[in-house]
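Residue numbers (UniProt numbering): 1 to 354.
Don't read these hints as lab results, they were simulated from the structure. Bear in mind the structure is a predicted one, so any value in this text is a computation, not a measurement. Among the hints, a few may not be true.
Derived CB-CB ranges, DEER-like [claimed, not checked]:
1. 268 - 340: 11 to 21 angstroms
2. 65 - 132: 20 to 30 angstroms
3. 228 - 277: 21 to 31 angstroms
Here a beta-carbon is modelled for each residue, glycine too, at the ideal position from N, C-alpha and C.
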Amino acid sequence: MEQKQVLSNYIGKVFNQSHWLESTKSTFIVVDHNLNILYLNDKEVGKDDKCLQPGDLLRCNNAIHSPGGCGTSEFCPECKLRNSVKKALTTSEIIHEEVVLSVDNNQKLILQETATPFEFEDNKYAAIFVINISDRKQEQMLERVFFHDMMNLVGALGNFVNILKESPEQEILDEVKRLTDQLMDELSTQKELIYAENGILTLQNGDITVEEFMSYASYSLCPMAEAKNHKLTTCNNCKDETTIHTDIKLLHRIILNMVKNAAEASEEASTITLTASPDEDAVLFSVNNSGVIPEKLRGSIFHFGQSSKGEGRGIGTYSMKLFGENYLKGKVWFTSNEAEGTTFFFRIPLKTVD
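Required output: the full structure, derived from the provided sequences and hints.
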């Protein structure tokens, strides 16, 4: 009997005797030293099965979009799931890790993983227990970001109200109005994000020319860039009559997040460039800044809560994908290198289906 079959029989007996997996929400995987899956829950993985490694099984985007599957993408060397299992096999220690994966349809899978190494007939294996904690973690992150932003805005409003008591000048009133609008916009953003994640966001489609949209974007976004001591320039390469039929508010939200992300990533007094160009039956928006995204973050830049600014940030890049691809049926991606800096792209069809 082959060694793999002997191992499978042994694991099968453990499951049949205890029935413990039935009472948990865990996924149980056994892999060999090459991370090939030998066992999934209480079933042996046969030679003809397509799911060969953990990323293939979990439908990781990097795995399914690479011809060689899990372990062959340029982003795989930074994968926490693979690295934790390798560490367990190398050190013979139990490794616990929280893992974030991008999976089908731009969904984010947040997993609590435990890799336990063991030997069987002088060969090393790892038993991997995976629990999906996506809902709980995303609720925690949304709450953290929401309350952080709300407290900052309400605090600023309170300060200006106190000033108004002593000096009711128009400049102060204008600032209070701006903060109030920002507060309402933040509430709207959180509502849209929650509705989008639950699949109940309703589009309000309308027509706008690219020229009109770029003028509006310049008017609304330049002050934000200037507040961070940056300059926003715009360039429209589309014909005057080029019209987009889409949810204009959601489109603006995506471009806003692209510009905001560029402003936060840029060095002091940088230039941020927003460009619109024709692309067959679509319009290609791009936002460029001089900063470079560290290689270790590039594979997870669209993950929920992934940011170089700290835990609980990174909602903007996540929402770009969620809104742009799942709802406006476009495509969001980025490039980043020393020569050209970082550019985020959003390709949106001229007509979003109502």
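Results of checking the hints against the structure:
no. : hint                          : result
1   : 268 - 340: 11 to 21 angstroms : holds (20 angstroms)
2   : 65 - 132: 20 to 30 angstroms  : holds (22 angstroms)
3   : 228 - 277: 21 to 31 angstroms : holds (26 angstroms)
Violated hints for the displayed structure: none, as all numbered hints are satisfied.
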